[in-house]
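Work the whole structure out from these sequences, hints included.
Note that the protein sequences, when read in sequence, are chains A and B. Residue 27 is where the first sequence starts when you use our numbering, and the numbers rise one by one after that. Residue 1283 is where the second sequence starts when you use our numbering, and the numbers rise one by one after that.
One thing to keep in mind: the hints can contain errors.
Estimated spans, in silico, between C-beta atoms of each pair [unchecked claim]:
1. A:A67 x B:D1451: 43 to 49 Å
2. B:L1292 x A:R235: 42 to 48 Å
3. B:P1309 x A:A67: 47 to 53 Å
4. A:D135 x B:R1497: 41 to 47 Å
5. B:R1341 x A:K89: 50 to 56 Å
6. A:R150 x B:L1292: 43 to 49 Å
Among chain A residues calculated to face chain B with C-beta under 10 Å, some are [to be verified]:
7. V138
8. A144
9. I156
10. R235
11. R238
No lab work stands behind these hints: they were computed from the structure. Idealized CB from N, CA, C, for every residue including glycine.
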Amino acid sequence: MIGAAVALVVARPGEFLEALLTHVELSAAALAIAIALAVPAGIWLSRRAGATLLAVNGANVAKTVPSLAVLALMLPILGTGFLPAMVALILLALPPILINTITAIVRVDDEVVGAARAMGMTRRQTVRRIELPLAVPVVFAGIRTAAVEVVASATLASFIGGGGLGDFITAGIALSDMPELLVGALPVALLTVATELGFATLQRGLTPRGLRAGA
Amino acid sequence: MIRLDNVTKLYPGAAGPAVDALSLVVPEATTTALLGPSGCGKTTTLRMINRLVEPSAGRIEVAGRDVASVDPVMLRRSIGYVIQQGGLFPHMTVAQNVATVPRLLGWDAARVAARIDEMLTLIGLDPAEYRDRYPRALSGGQRQRVGVARALAGEPPVLLMDEPFGAVDPIGRERLQNELLAILRRVRKTVVVVTHDVDEALKLADHVAILDRGRLVQHAPPEEILLRPANSLVAEFVGHDRALKALALLTVAERRRPDGPPAGDRPEIAPDASLREALSRMLETGQQELSVVGGGRIALNDLFVRGDS
Chain A
27 MIGAAVALVV ARPGEFLEAL LTHVELSAAA LAIAIALAVP AGIWLSRRAG
77 ATLLAVNGAN VAKTVPSLAV LALMLPILGT GFLPAMVALI LLALPPILIN
127 TITAIVRVDD EVVGAARAMG MTRRQTVRRI ELPLAVPVVF AGIRTAAVEV
177 VASATLASFI GGGGLGDFIT AGIALSDMPE LLVGALPVAL LTVATELGFA
227 TLQRGLTPRG LRAGA
Chain B
1283 MIRLDNVTKL YPGAAGPAVD ALSLVVPEAT TTALLGPSGC GKTTTLRMIN
1333 RLVEPSAGRI EVAGRDVASV DPVMLRRSIG YVIQQGGLFP HMTVAQNVAT
1383 VPRLLGWDAA RVAARIDEML TLIGLDPAEY RDRYPRALSG GQRQRVGVAR
1433 ALAGEPPVLL MDEPFGAVDP IGRERLQNEL LAILRRVRKT VVVVTHDVDE
1483 ALKLADHVAI LDRGRLVQHA PPEEILLRPA NSLVAEFVGH DRALKALALL
1533 TVAERRRPDG PPAGDRPEIA PDASLREALS RMLETGQQEL SVVGGGRIAL
1583 NDLFVRGDS
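Pasting the structure below:
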């Protein structure tokens, strides 16, 4: 059956590559925008004790909404296509990044931040030299969770005409065509695992040496 | 010199002021300990000196300048600050930690590098071995020392210490206190140290300021605090063994008398030993007189404290 799937890819390389590209584009764009929104928002919210609690709880509730529901909700609002799928994926990626950014910064030791201030660092220097480097590992853990979720959920974009590898899966299910289904399913699985491993490596690399085990 | 003039701090919603019309002078190149139970206002007082806390009323001068007229960020770069456990930046090496203020002050790289080695040598850590270590690879005492090195690196005339050795075990604490005294003899800083540890205050400070509920109760040299406590609160706070504590502050040399009649084999004591050690030696040997090494003798009634108490 896998052989038949490979034969399908070989027979229609353009179609497969286009779907793969759309899938990656959709995921990458959604993740990039979610990072650009959630990290600054998290930093801002972490300064406000009341807002912090509200945001973390709100994001936790939002996280429980199933991916498919978020995508389906986009239909009546934004219609079909790449854009609504991307917006839905952004919404999925926001909560984990937001939660981790807030907790990462709140968790930075008050004594250390107090020492930075007492040494004569400005507010901005304290954020850039102390709080952000110390928060990076936790922020990145959130980004990693979001990335894996986005790559996996981008499969569902097919339901609202967003394209991607999900197209092969929906077609395969509709036609009971297992090789066709696998053309979508296997690459999605591999892509998800690769995303997880890639971001895990990146996270390790970005963790300041003094915080790594065995430093 | 540091001068506090009628300084008051009122926190919104608090029943009374945290610091209440406090006036205090810390003379140049001396150490003053702010001592008192928790909540007495000692830490708030310390933090007002470098404007981590803004006073509600009153005036604070450091080296002749009203701190309210100086940009707080620039002010703090000119005042060393040591906190419990060092408060080191965990993602920076020992060298980067020590270089914090010099870099903020914009020193060139060569001067910063030289200063790092100088400071590490001062605190007794071999620069070659410790420069590139991270704080997690240091012992508690080493971290505390690096905290002192970081505070002194920017050549501040003034040093503020907030419970500097509170998190170190008693043996390590005593060693760190001795090292700090040795360092201060070399670098001469105007120091304010906050502590709730009476022995630490007596040991480190030239003057002790005892605070209670934001008010200055007594401000005097350690011996006077011990021998003439201003009120029962001070007496209780310094402890019922305060006469023994006072003995620990005085040396045999200060009370030695010239040789009297030879008395055979009296036990000996070094002139730089404390009177407390001398007393202990008498109790231990059952003798009321000791020979002082290098000449003279000291008798039990030479130990009697000459206070009013």
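Now for the hints, and whether the structure bears them out:
At roughly 44 Å, the beta-carbon separation of A67 (chain A) and D1451 (chain B) lies within the given 43 to 49 Å, and the hint holds. The beta-carbon spacing between L1292 (chain B) and R235 (chain A), approximately 45 Å, falls within the hinted interval of 42 to 48 Å. Between P1309 (chain B) and A67 (chain A) the C-beta distance comes to about 51 Å, which sits within the given range of 47 to 53 Å. Between D135 (chain A) and R1497 (chain B) the beta carbons are some 33 Å apart, a value that contradicts the proposed interval 41 to 47 Å.
A C-beta distance of roughly 53 Å is found between R1341 (chain B) and K89 (chain A), which places it inside the suggested range of 50 to 56 Å. Between R150 (chain A) and L1292 (chain B) the CB atoms are about 30 Å apart, so this pair departs from the stated range of 43 to 49 Å. Satisfaction of the interface hint for V138 (chain A) is found here, the shortest Cβ-Cβ separation to chain B being roughly 6 Å, below the 10 Å cut-off. For A144 (chain A), the interface hint holds, the least distance from its beta-carbon to any beta-carbon of chain B being 4 Å, beneath 10 Å.
Interface hint at I156 (chain A): satisfied, since its Cβ lies 6 Å from the closest Cβ of chain B, which is below the 10 Å cut-off. Using the Cβ-Cβ criterion of 10 Å, the hint placing R235 (chain A) at the interface with chain B is satisfied: the shortest such distance is roughly 7 Å. The closest approach between the C-beta of R238 (chain A) and any C-beta of chain B is roughly 9 Å, which is under the 10 Å cut-off, so the hint is satisfied.
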